[in-house]
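Colleague: Read off the chains here:
Protein chains: 4
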Amino acid sequence: MTDLRDEALAALAQQTIELPSWAFGNSGTRFKVFSTPGVPRDPFEKVSDAAQVHRHTGAAPRVSLHIPWDLVDDYGKLAAHAADEGVTIGAVNSNVFQDDDYRLGSLCNPDARIRAKAVAHHLACIDVMRQTGSTDLKIWLADGLNYPGQDDLRARQDRLAEGLAQVYAGLDADMRLLLEYKFFEPAFYATDVPDWGTSLLHCLALGERASVVLDTGHHAPGTNIEFVVAQLLRAGRLGAFDFNSRFYADDDLIVGAADPFQLFRIMSEIVGAGAHLPTSGVNFMLDQCHNIEPKIPGQIRSVMNVQEATAKALLVDREALAEAQTSGDVLGANGVLMDAYNTDVRGLLADLRESQGLPRDPYAAFAATGYLDRIAAERIGGAQASWGA
Amino acid sequence: MTDLRDEALAALAQQTIELPSWAFGNSGTRFKVFSTPGVPRDPFEKVSDAAQVHRHTGAAPRVSLHIPWDLVDDYGKLAAHAADEGVTIGAVNSNVFQDDDYRLGSLCNPDARIRAKAVAHHLACIDVMRQTGSTDLKIWLADGLNYPGQDDLRARQDRLAEGLAQVYAGLDADMRLLLEYKFFEPAFYATDVPDWGTSLLHCLALGERASVVLDTGHHAPGTNIEFVVAQLLRAGRLGAFDFNSRFYADDDLIVGAADPFQLFRIMSEIVGAGAHLPTSGVNFMLDQCHNIEPKIPGQIRSVMNVQEATAKALLVDREALAEAQTSGDVLGANGVLMDAYNTDVRGLLADLRESQGLPRDPYAAFAATGYLDRIAAERIGGAQASWGA
Amino acid sequence: MTDLRDEALAALAQQTIELPSWAFGNSGTRFKVFSTPGVPRDPFEKVSDAAQVHRHTGAAPRVSLHIPWDLVDDYGKLAAHAADEGVTIGAVNSNVFQDDDYRLGSLCNPDARIRAKAVAHHLACIDVMRQTGSTDLKIWLADGLNYPGQDDLRARQDRLAEGLAQVYAGLDADMRLLLEYKFFEPAFYATDVPDWGTSLLHCLALGERASVVLDTGHHAPGTNIEFVVAQLLRAGRLGAFDFNSRFYADDDLIVGAADPFQLFRIMSEIVGAGAHLPTSGVNFMLDQCHNIEPKIPGQIRSVMNVQEATAKALLVDREALAEAQTSGDVLGANGVLMDAYNTDVRGLLADLRESQGLPRDPYAAFAATGYLDRIAAERIGGAQASWGA
Amino acid sequence: MTDLRDEALAALAQQTIELPSWAFGNSGTRFKVFSTPGVPRDPFEKVSDAAQVHRHTGAAPRVSLHIPWDLVDDYGKLAAHAADEGVTIGAVNSNVFQDDDYRLGSLCNPDARIRAKAVAHHLACIDVMRQTGSTDLKIWLADGLNYPGQDDLRARQDRLAEGLAQVYAGLDADMRLLLEYKFFEPAFYATDVPDWGTSLLHCLALGERASVVLDTGHHAPGTNIEFVVAQLLRAGRLGAFDFNSRFYADDDLIVGAADPFQLFRIMSEIVGAGAHLPTSGVNFMLDQCHNIEPKIPGQIRSVMNVQEATAKALLVDREALAEAQTSGDVLGANGVLMDAYNTDVRGLLADLRESQGLPRDPYAAFAATGYLDRIAAERIGGAQASWGA
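Protein chains in written order, with the UniProt record's numbering: chain H, 1 to 389; chain S, 1 to 389; chain L, 1 to 389; chain A, 1 to 389.
Do not take every clue at face value.
One copy or two, it doesn't matter: identical chains are merged, so the pair holds either way.
Simulated pairs of lysine to aspartate or glutamate, EDC-like, Cα-Cα distance not exceeding 16 Å [claimed, not checked]:
id, residue 1, residue 2
1, Lys32, Asp99
2, Lys32, Asp100
3, Lys32, Asp101
4, Lys77, Asp127
5, Lys117, Glu162
6, Lys117, Asp100
7, Lys77, Asp42
8, Lys117, Asp99
9, Lys117, Asp101
No lab work stands behind these hints, which were simulated from the structure alone.
Could you build the full structure based on these sequences and the hints that come with them?
Modeller: As structure tokens, this is what we get:
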């Protein structure tokens, strides 16, 4: 077990989790978006808040952007601001769902003009990538139908393939296209990229630099997500995670809050395939909504939860596991996995942080800085950033 | 079958469906609220639009209000406007979820001040009822928790019981309290009134004028809704329906759009118990969101869908059904039900409308009036009504 | 509409639905298998019962076998018996889940000996195909895990790919391999072929004669099945349907009994792609359990339900639909679909049957034959066929 | 924390978990029941196996019976055998689902003769209770419908109420009636006692000695079970638990295997209300199927899992929790709960066992006894007990 502990520490020291800029702005449900004093009013403030998470955890060195939510005049300036704060710009997310033109879809829209507009937006996002040093174009489409018959399911797939090909053609050689799937919402009858199979088929058609994004909240009830992880790794096309958690639909709660055992199983599948290593090409990101809880502490808790699940996954005695599996010892094999899960790894992670010159408890350390009070006092005037802004 | 047809026509002539004022304003998802030219800017315009539905279907003579969405200075004037348009004010819906104070709940909030505020809002709604002649106070609470441990599940039930009792005490003798339940959303871990059992327990504790509201989109996946209808009727506490339809969560689509067979089964349970008659005390309402489709035509289609399902339910040969059931003829009994469902009742309803001096096809007739173009041209300036307004 | 009616009649006259031999034996749940007098005691009697369905509907000319449930000494004799009864042998289904050896899986089992045994069974099935003239090898595997950690998810995929390749290599040139997927059951944690994506990936790896089987009851709650149909047709890999219906899990009820509108949407997707034509290569089969209802009438009702859904799908005015879709008329497009769905097609199908020399109502006509009483009286002694037999 | 640990140890020392006799016999799915050498052939051997679990855990002193599965000529002899083995007979479960007469239901059957037979069976079970000293009559009914229209939903509720009243009248003064609910299976369209609301309504109508049984696997997907626990405790009608776990439907896996965090939340709700104490009247039972894993070790693991969840629930700092809840500190309150959950309690439980003269690791200690090999060698001949036996 000592060896496993040392290996775990080494692996954990390398793990990084990307933060979403939009987690620091306001978010909510269709019923209400609650506001909180101190919420960022622009992408610069979002990056500053994100940097607080990295400062206290040492594990969150990148910030994803969402365009046009994070539209700025000078992306070089934003990248420089990030560098000043000790972080870098990560993936760029396109947003083709908040313009009245996209009422019936973007890349799948029956209207060719709107499809062209959606393609152009993606090319603009690629331009932002060039200016910020980002290499991942992350695409989640809200495209879908609310009513049976509303549009032709198959024709929409053809339009989608065509639009994605145009976007893919616009990528630089060192860039990737990451295509996310989602079971439902905001469309309520049919979604154009509803499952990993659809996303993978499009990626395979596009080329080697297209991969699938797995958002842990984007599946049908009961879906075995670690199985999907295993399948996408087997196909060599797991590009990124959007971590969060859910009890019902796409609840976007703090990762690990709803089902920590599932998060562990996912990370165990990742570790078993060596995909936790930086060389794997899997980008581990958060995608959450802090509707009622404070945002920076929520992100810190999320990073810690991913670290704890990863630590447990690294402590699985894989030799013993393989032996039990091979011999058909059902309860024994399950027991090996549960032994790791039942281990309290909070001390191990605190030791790691201490060895890195970080606070043992990032959540408490951040609270002690008074940062939230400071931004509440300072950020007066202006409009708080939010999903719709 | 001739007799059944005549009886069906007589019953259908009496059927009324209440319309929600908010269906005529904008609505959407957390991702986007699309706007449409001509959308009402105030409750008066909403009532006028609702009256169009009644004018063409003859079956939608009441309009529900939502407070504060439908706040006006003079409710007598609003009621008079409704009368001028040929409709009346129906249920009054309280709204205690769109104020920053309600972030952690309304009647269940841990803070006594906020609970008192929520009670006061309900008393204000009762006042609106007095001014508009409404007798139904409809309560749906967004109260719930996003995280395990966030609050005490049982203490919240106690607070809820206390708050509801205060509201109930404020009712006039001819008023009812209707308590709606909902499986989830906007709360993502626990909802304080999540199922019919919880709603019924509170209604039983309150007294005879408290009844349950069943929203067809507010159940766990797979729930047999007609069974719930049967249970609530057996308990004498089915106060009202909120009709809509859903494929996934609370999609709020046009009733009958997702599963017309389920709507028929629900109406068959209603008809079997005689609860379709005006004397039953069951208020049949719509509660829908027309996010991408035009709103008045969406409401007309909804009314027609309820009428078609009711007509089919009225055509069930209940003698033959009972005989097959009693004799244990599984396929025979199912066949009797399906015979009614498979009948095309559109002609029968067109005949009914013609006999009432109404257009045979209300959807086409409304389209021919040019009303939508007219309001798009006339309603310039002002802010369109919407969920948040 | 007259043209549509004529085209519909022509297409319906060509439609065939394959019957499962096991639907005529006993089936049940884990709680109880109820027995019925007259249930077949061997494959010959099953074929005779299946032939009754074809005799009265004219639309069910093939019978699928399940090996070893339908093990006989002389398959030539069974095929000849089928011919005498006016039907032919359809797909051969392998069964590698009812031997104690398969407790931890068949093709995915960690034990190489058991994997080899499972491959050998499939080769034996191919031999049955040669003797009966069958060209479809249909594979559904019960392989999966009940507990996390029980076996390695990814290693099982590798074993599966290897085993399937061995089976595929054993096919004759005119034979196809059809791979079915299932969300869960009998495995309760992970299933080795749980979704269409997994099945399709294996089929793509195998070669052009491997296609996916879509069982309508084998999906996660809320899955849009017609979307999956569209995807598999687009990929050219929809090999067959297993029709049935479900409210909850894999309930295996009569097709169209739980959600007739869904069945219509599926058939509309099929018709829209021309996949209802015999040349499409899609084999439309039933796979149901008649646990409490009589079996032959249950199959007759099922065939009629598929015919009714197909008839409605053929009546969709596809020109009007395309026009409404292209113009973004959400309610109009939905309305075109619903017009077809709301049409009562029972008369049209009765006319078709009459024109074919068949009874207008096959269900009533079969009941009138007294066949059920006859077999109940004649089939005395022996063990009734059942899933476990 | 020291205080909490001491209190936890004291409470854990009193906790008892009742074992189901049927968990030691064979069980399976509709697809296959696998057999294992050494499986009991009669109720006496089942009790002996159950006693092994108590011998190693010290926490499982009672065994539930299932009638007629556990039919014996002399119940006094069975009770004496249990006493010899150091355990007692717990609840008696009626079984009215495995006789051909019950095809269309038992207490809800349209046929009065069959309803009377089902009542008589329950009275016979009460007689078994008298002979064995059992005080809990546990009723789970498989009653329900597979097809819409098959029977009248409301009439079945009336028959159910009548039958339950007859059974209740037959109880001795010190006996309780425990009514279990289940979402679905084996009925696939409607179940007559599908939810806690229905069960509670019947219990309230029966009288004070009728309470609800909550089986953790008997809910719709996504149901918040700890909320139901809180509701039933608030109503004073939580009579018993059937513990197990599930990923999909009623999977009947080892409790805590699928979602250990959910089990902890349930136990936390129990502990918060003091319902873990023997005086609470809540009977904590297991109800599981060990289809592919060895049965006695599976039961030992289950008992340990309940103990671990309870230990964590007892370690929740409820003062700190209440303070965070009252002050609206969402993340703080959640953090208090998670602190307890993340604690590794295996050492604490090992200490408890050691202090009680029990093995620190019951699972390993049982394996070391060689009992399984012994029964495999000794129990030759006869028919293994199983669900159907």
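Colleague: Pop the pair Lys117 and Asp99 into one bin, within, between, both or neither, using alpha-carbon distances up to 16 Å.
Modeller: within (11 Å within a copy, 37 Å between copies)
Colleague: Between the shortest in-copy and the shortest cross-copy C-alpha distance, which are at most 16 Å for Lys77 and Asp127: within, between, both, or neither?
Modeller: Result: close within a single copy only, 15 Å intra versus 57 Å inter.
Colleague: Are the CA atoms of Lys32 and Asp99 at most 16 Å apart within a copy, between copies, both, or neither?
Modeller: Cα proximity of Lys32 and Asp99: across copies only (8 Å, versus 20 Å in one copy).
Colleague: Should Lys117 paired with Asp101 be assigned to within, between, both, or neither, using CA atoms and 16 Å as the limit?
Modeller: Within one copy only: 9 Å inside a chain, 41 Å across chains, cut-off 16 Å.
Colleague: Checking Lys32 and Asp100: alpha-carbon separation at most 16 Å within a copy, between copies, both or neither?
Modeller: The answer is between: 9 Å across copies meets 16 Å, while 21 Å in one copy does not.
Colleague: If the cutoff is 16 Å on CA atoms, where do Lys117 and Glu162 land: within, between, both or neither? Let me know, please.
Modeller: Within one copy only: 13 Å inside, 46 Å across.
Colleague: How do Lys32 and Asp101 come out at 16 Å by Cα distance, when the copy is not named: within, between, both, or neither?
Modeller: Answer is between; shortest inter-copy Cα gap is 11 Å, intra-copy 24 Å.
Colleague: When no copy is specified for Lys117 and Asp100, does a C-alpha distance of 16 Å or less occur within a copy, between copies, both, or neither?
Modeller: within (12 Å within a copy, 37 Å between copies)
Colleague: Have a look at Lys77 and Asp42 and pick one of within, between, both or neither, based on CA distance no larger than 16 Å.
Modeller: Intra 13 Å, inter 45 Å, cutoff 16 Å: intra-copy only.
In this structure, none of the earlier numbered hints is contradicted; all agree with it.
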